[in-house]
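Asker: Listed here are the chains, written in short residue letters.
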Amino acid sequence: MSNYDAIVIGAGHNGLTNAAYLAKAGLNVVVLEKNEYIGGAAVSRELHEGWKYSNCSYVCSMMRQALHRDLDLGRHGLLLVPYLGTINFGDGDERLFSYHDEQAAHLELKRHSPHDADAMHRFQSDLTRYSQLIRKTLLRTPPDPTSLRPRDIMEFLYLAKQFWKLGEKEIYEYVRFFTMSAADFLDDYFENDLIKAAMASPGIIGTALGVYSPGSSYILLHHVMGDVDGSIGAWGLARGGMGAISAALAGAAQEHGAEIRTNAGVQQVLVKNGKAVGVVLENGDEVYARIVVSNLDAKRTFTRIMEKNDLPDGIYEKARNFKIRGSSGKVNIALSGMPKFSGVPENRYINRGGQGFTGSMETMERAYDCWKRGRWSDDPFVESVIPSAWDPTVAPPGQHWMSNFVQYCPPELADGPWTPEKRDQFGQTVIDKIERYSPGFSDLIVHMEVRTPHEIEQEIGLTEGNIFQGELTIDQLFFNRPFPGYGQYRMPVRNLYMCGSSTHPGGGVSSACGANAAREILIDLRRPNTVPEDDFYDE
Amino acid sequence: MASYDSIIIGAGHNGLVCAAYLARSGQRVLVLEAADEPGGLGADREFHPGFHTPIAHSVSHFSQKIANDLKLTAHGLGAAKPVPTVGLNTTGAHIILQEGSLSGAGTDDTRAYREYSRLMLRFADVLKPFWQKTMPRIGMNNFSDLATFAHIGINLRRIGKKDMQEFLRVASLPVRDLMDEYFDNDILKTTLGWDGLIGAKLAPRSPNSAVLAMLYRLAGESRGAHTIPVGGVNGLIDALSKSAMASGAEIRCSAEVGHILIDGNADGLTAKGVRLANGDTVTADRVISAADPQRTFLDLVGVEYLDIGFTNRIRRLRCDGYVAKLHLALDSAPEFEGLQQANGRMIIAPDLDAIEFAFDHSKYGECPDSPVMEIVVPSINEPSVAPDGKHVLSAHVMYVPYQLKGGWNPTARDRVCERTIDTIARYAPGIREQIVHQEFLTPADLERQYRVTGGHWHHTEFAMDQMLMMRPTYEAAQYRTPIPGLFLCAAGCHPGGDITGQAGHNAAHEILR
Amino acid sequence: MNETDPYAGERLKKSPFYLRQEVLNIRNAWAAWNGYKFAEYYYDTEYEYFCVRNTCGTYDICPMQKYEIQGRDAEVMLNRMVTRDVTKIGLNRVAYCVWCTDDGRMIDDGTIFKLASDKFMLTCGSPCTAWLEKSAFGFADVTVTDVTDEIAALSLQGPTSCAVLKKMGLDGIDTAKPFDIMHFPFHGDTLMVSRTGFSGDLGYELWISPTVALDLWDQLYDAGENFGIQPYGEAATNMTRLEAAFIMPFMEFNEALRTVNFEHDQTPFELNLGWLVDFDKPHFSGRRALLEEQKRGPKYTLTKLDIEGNKPAEGSYIYKDKRCTREIGYVTSAMWSPSVKANIALAMIKTEHLEGELWAEIYYEKELRQYNRVVRCTRKQKPFWAPARARATPPPDF
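One line per chain: the protein sequences are A, B and C, in this order.
If you read the first sequence in my numbering, its first letter stands for residue 31, the second for the next number, and so on.
If you read the second sequence in my numbering, its first letter stands for residue 27, the second for the next number, and so on.
If you read the third sequence in my numbering, its first letter stands for residue 767, the second for the next number, and so on.
Rather than coming from a laboratory, the hints here were simulated on the basis of the structure.
One should not assume that every hint holds.
The list that follows gives simulated cross-link-like pairs (lysine-lysine, DSSO-like), each with its CA atoms no further than 30 Å apart [unchecked claim]: (1) A:Lys-199 x C:Lys-1132; (2) A:Lys-191 x B:Lys-416; (3) B:Lys-159 x A:Lys-195; (4) C:Lys-854 x A:Lys-191; (5) B:Lys-159 x B:Lys-187.
Some chain A residues well away from chain C (every beta-carbon gap over 10 Å; in silico) [to be verified]: (6) Pro-144; (7) Ile-183; (8) Leu-196; (9) Lys-199; (10) Tyr-219; (11) Asp-223; (12) His-286; (13) Asp-315; (14) Gly-344; (15) Asn-377; (16) Ile-380; (17) Pro-469; (18) Gly-470; (19) Thr-560.
None of these values were measured; they are calculated from a predicted model.
Glycine included, C-beta positions come from ideal geometry on N, C-alpha and C.
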């Protein structure tokens, strides 16, 4: 039996962040991880000799730079490099290249539609405006709308002031934007289908909504509000894969004295007299602490590692109703050489970027229709990137690794449970799709890993394999995340907290959930705050 | 001097309500209606000799305040008895909702329904006052505007912390999630969820707007139950017309408006009257349009008189209708399996997926394979709408797209009409043999025949981004438009569509303010 | 542009005059404008500047956006879009215009050429296709065509410009009044010449089909050989326009549709362009908002400043007092004017403080060390450079 100030369940990036800040405040912290490796979905594991790459999560833009700086992650080995533009592949021969360079980007858009090339400026200004507002909330605890405590009221006033600064008309536009579908939102700017599809694709990633579903424009924003060095909407690759982020966070946590135990899956949270007092591990060991912080998703926390009897009335039902839908698959492919794509110039810059096998709005939506019917589409949306094009650490020289994110993939199939055969068929669908655009692609394959929501759940423990730890719809955002009344990281059982993406501000490798939770815990424990209050953003 | 104080374009129910209020205040009011009788989508339609039904076949939340103010009972509006809502099941195990009670569901569902309906009615009460008020702009507030906002806040707090939290979550839920949280029975889910979806481009999985639509419909005196007024919906229209005329309003039918006359000089623009399609002009101090916003601004006013950003916002309004109308003239009463009498509002949607999948086709401009629909047989409650012993079946068929891939033609229309009748025949096997005449109106037909853009019931989609002070756009949400002297008064304004009269009421209130 | 060229996005387009300019640009000082490769300067900015003020220079305006607006409703459509009364523009005349959002915030400025009763050309600095299409929506008979790539355009500015054109054989060009358009036959094509420009001096702009663009260049340079003709780039243009107190996008104003922050764009009144807003017109986009602003008075006013000393006030704040306690504005463009030998600037100053004292806090560098000083600013009513020849018809011989 051992005794700590705090137990953090799960060594995902938010758990590690949380532990780092608690340890920094002088608490005696232990992080308990069920797997033999840390990082949750932000991992780089060597599953095939010579290749060591991001197995699940693969790009990063949301990492809060204030935390990156504050935890000195650079010194702990983290280097985030923005990657160059993306090639979007249409259903047919159309290609849309997105360039970093403004002039090149404009010319390329103009090739598809002069109207859209022009409209892109307004689109980017508007998105930047929306992003700036939402970014101000990321490192802040959502206020409780039903509370009259001064802190909540002050927080609402702060938000109202930020809204007010938009000017009246932009407030309406903002509300409209927030509730619309990505398709409707984009219709106001663009006329070219491939441009729309390329811009809409962030609106479906990781979510059980389609481009035509209301609410998908917020998901779009959620994916573009991040930035790399101030350039909003840019995405970065971590040198050494996403595991480098977890390793750096673990390094920071350990430097501050946190202990990280792997192979230490939590069986149950111990609750005595309505207070969380510790956990029982799968091997039967008991670990005690003043507080317990769960980095697991809300559904798993309350339906798997908590006793229903330990919970106040209604919480179990809330957790059961928590929307956490698996909708994404991941196919990692090790390649013996760099694939060539048809209709793409031999441009070393554009080929250092990503590939969006986008198709069209209809292709994406039809893939969603398949998901609703419990199957995967023959023509899924695939977002790919070949990080080995610039990162020398992830594949042997001259060989490559291609990360393919697939939307949509159902957590359960209409025709029975997932089997290894079906999983491989799913992987083959993705290869076939890429092969369409890159003849000879399959000959380059050295090995591949396929993850359906089923594998993601088994491996990482994300319920249904949902990458956001819960859908990002209004009913589960901000003060509603994970449940109304529990939006401030404190959970219905005393001394129990949550710090994962099931809490505000939600999914993405941002570390914000973990940091915000640490701030609330330190308030409760009457410790001085160690968490940066604000991110730096451009006013 | 202008000939009238106010001209109202369109004698739909909102136009009539607005006219009645203005006339009661002493204004000289002229209502111009293009059709040969008033009523708009509520007007009587003789689709086969002796067989009548309006497009809007029932009323669920017509404002009681308006009925009282305009003395509609004195003008002949009979007391309307709520009809049951029936979720049809091919097995005959129907779900029946009548006067707040549920039958046909299991004990768990019945218990859950009590809690569900308590909560939803409570939420509906929170919002109720605001459907009858102008939604103020956020920026330039006077005292009464601030009071409106404060009222919302107080109403929300009054329902208690727990319910308030739940409200803030539930308000944006998709129908599917809400139903799955409470119920097991598929038919019960579709029956209750129907009111969140009907008339809109929303499916059970679509978040953000459906629950608000349900709460809007629950806010009426009948608490969501539909009624068929004595004399049909047309009885309501008659009473409204009589009330307006009794107060001195003039209603001129077969008088299609071609243009709204805009006067421009160094002082800017003002609406001065209208030019009719036949070339006559009528002048007035103000023009109030009960036509939909796109028709009003883009066709009747003309973009020349509008700001470019505003024009674009009007043009961007989502106005495509997704509801078609089926009218059947039957030689005898239809017999639905397991149903004694087809006197209710019957919903055909076997489960939420069936609605979702029907919707999926419409996204790509296709017609559903198995349409979902709401059926009323008005002749059972009101025999006068059909010849003796004969009957009328009226159905709202979802999701038939306004813009069909390849365009609408008689073959396409017949195909979806037959599919619809096939679907009905699964529940009423003898129906085909009873049909004397059939009529199917696609949204494109409704647009053409009723001059409603996109054939959309609600003039423009009832969605969160087109609601409240954003309906139809923030420049025109308080019934005033950017052109002095031009007002809006119908479903394209807050609070929205359905036969409620509230837009007409609120507009009149603003004009008289 | 070839729509199927997948390589298009990789490289900048070349102007029809590029082959000649490439030879002259011995410093390889290229920049980019609207996707065109475009000279920052050719040899030396100050030299090129003095050519414009002393002899004449050519400035490539091919990258400038050009739209042809045609149809029965073209005039109504433009009249609703811009704040000026388009019906008052005579045939073969040019008018400087601005257009605004519904809120009266400026989207862009440009010139409208009236080429026929139903045919206009609009030129502007940034692409405007989306807004033009929105503006044209709802009109029965108007088409908007982007003709940027179909017209080669060259600006010829400076005191000898008229003489060069005369030498080139453009008979009667001296009778062209400011903002007049004339047409001349040229190599089987038509050369359109407008007496317009961005230098504040005597000058013309030449419009021609790209197929004969190089012929035009050669003939112009032959004719100009003894009149000091030289190409000049973006840097010299920026100097001449500042002396003429012309506004520049992203310097004096932020295009409204690209503005992120509330009211970080400008209105015509703030930019001193109230004279372009014609309230006699019953309607144009933004009229209501602008009328309110006119009553209220603009928040800021663009002001021409003559600043003590010789250190350019680029990026400076303007204060109400020498102790710099009350900030009342900011400098948008500033430089030492070689022609008028003054330290000039354009600044946005809060209107309510216009009448009081104005002080600029200037930071400057001397051999890597930073200095600052606070100096007095004097408001100027007239442009810093406005020679009589710019307006005279016929223009005097240099």
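Asker: All the hints need checking, so say for each whether the structure fits it.
Answerer: Hints, verified against the model:
| no. | hint | in the structure |
| --- | --- | --- |
| 1 | A:Lys-199 x C:Lys-1132 | violated, 47 Å |
| 2 | A:Lys-191 x B:Lys-416 | violated, 65 Å |
| 3 | B:Lys-159 x A:Lys-195 | holds, 27 Å |
| 4 | C:Lys-854 x A:Lys-191 | violated, 46 Å |
| 5 | B:Lys-159 x B:Lys-187 | holds, 25 Å |
| 6 | Pro-144 | violated, 5 Å |
| 7 | Ile-183 | holds, 24 Å |
| 8 | Leu-196 | violated, 6 Å |
| 9 | Lys-199 | violated, 7 Å |
| 10 | Tyr-219 | violated, 8 Å |
| 11 | Asp-223 | holds, 15 Å |
| 12 | His-286 | holds, 38 Å |
| 13 | Asp-315 | holds, 54 Å |
| 14 | Gly-344 | holds, 43 Å |
| 15 | Asn-377 | violated, 6 Å |
| 16 | Ile-380 | violated, 8 Å |
| 17 | Pro-469 | holds, 17 Å |
| 18 | Gly-470 | holds, 19 Å |
| 19 | Thr-560 | holds, 32 Å |
Figure legend: structure checked against the earlier numbered hints; hints not met, in rising order: 1, 2, 4, 6, 8, 9, 10, 15, 16.
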